[in-house]
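Visitor: Going by the numbering used here, the sequence shown runs without a break in its numbering and finishes at 303.
Simulated from the structure, these hints should not be mistaken for lab results.
Accuracy of the hints is not assured; some may be wrong.
As a list, the in silico EDC-like pairs of lysine to aspartate or glutamate whose alpha-carbon atoms are at most 16 Å apart [said to hold, decoys possible]:
# : residue 1 : residue 2
1 : 147       : 277
2 : 248       : 145
3 : 234       : 277
4 : 262       : 287
5 : 220       : 177
6 : 149       : 249
7 : 248       : 206
8 : 234       : 192
Simulated restraints, written as ranges between beta carbons of each label pair [stated by the list, open to error]:
#  : residue 1 : residue 2 : range
9  : 228       : 167       : 25 to 33 Å
10 : 222       : 200       : 37 to 45 Å
11 : 146       : 182       : 29 to 37 Å
12 : 256       : 146       : 23 to 31 Å
The beta-carbon is built from N, C-alpha and C at its ideal position, and this holds for glycine as well.
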Amino acid sequence: MLKAADKKMENKEKDRIIRIFETAIHYNLIIKKYHHQIETLDYLVDLIFLCEYKNKENVLEIIRDYLLEKEPTAESLLYAKLQNKIKNHFILFLANYLKPYLSITLPLDFFLKEKRLKYSPKLLLGKYFELHKVTNGLNFFDEKILSLFFKEFSELEFIRDNNLFLRS
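With these hints in hand, go ahead and build the complete structure from the sequences.
Guide: Here is the structure:
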């Protein structure tokens with residue numbers, strides 16, 4: 136009876152690992168497909184961090200909300216809020232330029248440089264082989280190793296579990 140429960144737990148953990156790596160593949164495909172939009176976002180973020188704004192994260196949050204907002208009244212309110220916060224007209228121009236062409240469905244935070252580096256194909260492949268080695272071909276699961284792995288890639292699980300790839 137205990138072996139059946141252990142086997143069921145192993146299958147559950149193996150499926151969870153596979154789902155994380157599948158999500159990582161989709162994430163990297165989105166980055167390749169929308170590289171122009173992501174480069175423009177990078178430029179926008181870099182401009183914001185070069186400017187003398189007190190709360191840069193707040194400015195980024197307002198821009199993110201503005202770019203993703205579809206309802207015209209809320210969009211106008213967010214743009215007015217942006218105009219009050221941002222005195223650099225080029226940042227406003229970039230936000231307006233990017234808005235009609237933005238087709239990324241994930242929250243913009245997932246496309247910051249740090250995240251893209253963290254989930255780069257090369258690093259993920261290395262992590263897969265490392266995990267494959269310590270789990271003896273995904274057959275032996277150490278709870279400590281798995282908990283560290285799941286913690287490190289919790290954002291990818293969040294994307295998958297909340298169907299963020301399919302958000303409109």
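Visitor: Which numbered conditions among the earlier hints are violated in the structure presented, ordered from lowest to highest?
Guide: 2, 3, 5, 6, 7, 8, 10 and 11
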